[in-house]
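Asks: Take a look at the letters that make up each chain.
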Amino acid sequence: MDIHELKKQSDLSYDTAVAKRNALEKAHSRQVVAYREHLFRADPTTICLVRTLKESQDSFYLLDTNSNPVEITDPAGFLSILVERNQESLNAYNQTHKTFTKKDA
Amino acid sequence: MSRGVLLFCFDTEHTRYHKILERCVRLVKRNICRKITVVTNFATYQRMNPMGFINYKFIEPELGNSLNGRAWNNVDRHLAYELSPYDTTLVMDIDYFCFSDNLKQLFDTDYDFLVPTQAHDLTGRNTFDQRRWSMIPMVWATVLLFKKNDRVGKIFDTVKYVKQHYSYFTEMYRIYSKNLRNDYLFAMALQQINGFTGYETFPFALPTLPPDCEVVEITDEGLAWKYNDQISYVENQDVHVLNKEIANV
Numbered sequence: 001m002d003i004h005e006l007k008k009q010s011d012l013s014y015d016t017a018v019a020k021r022n023a024l025e026k027a028h029s030r031q032v033v034a035y036r037e038h039l040f041r042a043d044p045t046t047i048c049l050v051r052t053l054k055e056s057q058d059s060f061y062l063l064d065t066n067s068n069p070v071e072i073t074d075p076a077g078f079l080s081i082l083v084e085r086n087q088e089s090l091n092a093y094n095q096t097h098k099t100f101t102k103k104d105a
Numbered sequence: 001m002s003r004g005v006l007l008f009c010f011d012t013e014h015t016r017y018h019k020i021l022e023r024c025v026r027l028v029k030r031n032i033c034r035k036i037t038v039v040t041n042f043a044t045y046q047r048m049n050p051m052g053f054i055n056y057k058f059i060e061p062e063l064g065n066s067l068n069g070r071a072w073n074n075v076d077r078h079l080a081y082e083l084s085p086y087d088t089t090l091v092m093d094i095d096y097f098c099f100s101d102n103l104k105q106l107f108d109t110d111y112d113f114l115v116p117t118q119a120h121d122l123t124g125r126n127t128f129d130q131r132r133w134s135m136i137p138m139v140w141a142t143v144l145l146f147k148k149n150d151r152v153g154k155i156f157d158t159v160k161y162v163k164q165h166y167s168y169f170t171e172m173y174r175i176y177s178k179n180l181r182n183d184y185l186f187a188m189a190l191q192q193i194n195g196f197t198g199y200e201t202f203p204f205a206l207p208t209l210p211p212d213c214e215v216v217e218i219t220d221e222g223l224a225w226k227y228n229d230q231i232s233y234v235e236n237q238d239v240h241v242l243n244k245e246i247a248n249v
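From first to last, the protein sequence lines are chains A and B. Quick note on this note's numbering: the first sequence kicks off at 1 and runs consecutively. Quick note on this note's numbering: the second sequence kicks off at 1 and runs consecutively.
In short, the hints are calculated from the structure, not lab data. Hints may be right or wrong, so weigh each one.
Straight-line distance between alpha carbons at most 20 Å, and here's what the computed SDA-like set of lysine to any residue pairs gives [to be verified]:
1. Lys226(B) / Pro203(B)
2. Lys226(B) / Asp64(A)
3. Lys226(B) / Ala19(A)
4. Lys147(B) / Ala34(A)
5. Lys226(B) / Ser10(A)
6. Lys226(B) / Tyr14(A)
7. Lys104(B) / Thr88(B)
8. Lys226(B) / Leu12(A)
9. Lys104(B) / Asn66(A)
10. Lys148(B) / Thr158(B)
11. Lys160(B) / Ile193(B)
12. Lys20(A) / Ala224(B)
13. Lys147(B) / Arg36(A)
Derived contacts from chain B toward chain A, CB cut-off under 7 Å, selection only [said to hold, decoys possible]:
14. Asp112
15. Gln118
16. His120
17. Leu122
18. Pro211
19. Gln237
If you want the ones that stay clear, here's a sample from chain B, every Cβ over 10 Å from chain A, calculated [unchecked claim]:
20. Arg23
21. Leu106
22. Met135
23. Lys148
24. Thr201
Built from N, CA and C at the ideal position, the CB exists for glycine as well.
If we strip away everything but chain A, and leave its shape as in the complex, we get (with noise of 0.2 Å):
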């Protein structure tokens, strides 16, 4: 057993961690989205409950990320937004993430 290589390990562990969470958070504000004149999250829960609305509806409520209420009256547009935004965040974050299991192996 090296003490030495156990604690680059552990160095290493923790600034993939650390590297990890900044992409993260890089993503989270990426997915905001003004439309409307509002902000929006394009995260799951906002595409999950668009998706269903319109299922449904040609014209809903949503609240913002204030919890004002804002119309939406073009489902597809705003779902369209919302899917392009998330994915765009999240293949950025794909990117950076395939860094750290370099790093690991």
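Model the placement of chain B on the given structure of chain A, informed by the hints.
Replies: Chain B only, in chain A's frame:
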């Protein structure tokens, strides 16, 4: 409706803030907006390199504030409402580097006053959680979005009032830091003017590099820093750098 970015920059005896401003302006033009107004004094202006079209407003900074024993000319933020030539203004600290265009979309909203309430410590130490050293939630006045209207005018009037009676308000809210910080000033004013209730905030935390991190490289895409003999970096992510030595990088 005009939109633009407002920046405050005053050199001090120890820190060449205009060097930080030059980097900040470059990133703002690239990622946020080309309409920029810099509030400065003539002495600082004379040291600046040409940065393209910039609107300058000259004032003499209020002196007397300090950070770590050094002069810190940062107490003029309450004048942002009067000094901004724009209908919608994004006020930023010059040590907030926009490596992304995340803030740009705030211009497309109808909120009349937005302020961040959370900071993300890029070193993973949650340093800024300790900021709950008061009776009220703190804000980060590092970045503010405001529109000119009657309500926002009253917010800034309240900021001026709180600044005028700063000692009283810091005692009342049990804020232990005695030097004047815009973060505390705006937190107390927003609490007062909003009837002791909440207010609208940014939906994300400001990525922040604590003062004990040394920035070793900075490009148009991101920056690298050294902490505990370890080099780390971020790309395409905004960073608020608290170590003023960045002026020398």
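Asks: Does each hint hold? Answer for all of them.
Replies: How the hints compare with the structure:
| no. | hint | in the structure |
| --- | --- | --- |
| 1 | Lys226(B) / Pro203(B) | violated, 29 Å |
| 2 | Lys226(B) / Asp64(A) | violated, 38 Å |
| 3 | Lys226(B) / Ala19(A) | holds, 14 Å |
| 4 | Lys147(B) / Ala34(A) | holds, 16 Å |
| 5 | Lys226(B) / Ser10(A) | holds, 18 Å |
| 6 | Lys226(B) / Tyr14(A) | holds, 15 Å |
| 7 | Lys104(B) / Thr88(B) | holds, 12 Å |
| 8 | Lys226(B) / Leu12(A) | holds, 15 Å |
| 9 | Lys104(B) / Asn66(A) | holds, 18 Å |
| 10 | Lys148(B) / Thr158(B) | holds, 15 Å |
| 11 | Lys160(B) / Ile193(B) | holds, 12 Å |
| 12 | Lys20(A) / Ala224(B) | holds, 16 Å |
| 13 | Lys147(B) / Arg36(A) | holds, 17 Å |
| 14 | Asp112 | violated, 11 Å |
| 15 | Gln118 | violated, 10 Å |
| 16 | His120 | holds, 5 Å |
| 17 | Leu122 | holds, 6 Å |
| 18 | Pro211 | violated, 18 Å |
| 19 | Gln237 | holds, 4 Å |
| 20 | Arg23 | holds, 20 Å |
| 21 | Leu106 | violated, 7 Å |
| 22 | Met135 | holds, 23 Å |
| 23 | Lys148 | holds, 17 Å |
| 24 | Thr201 | violated, 7 Å |
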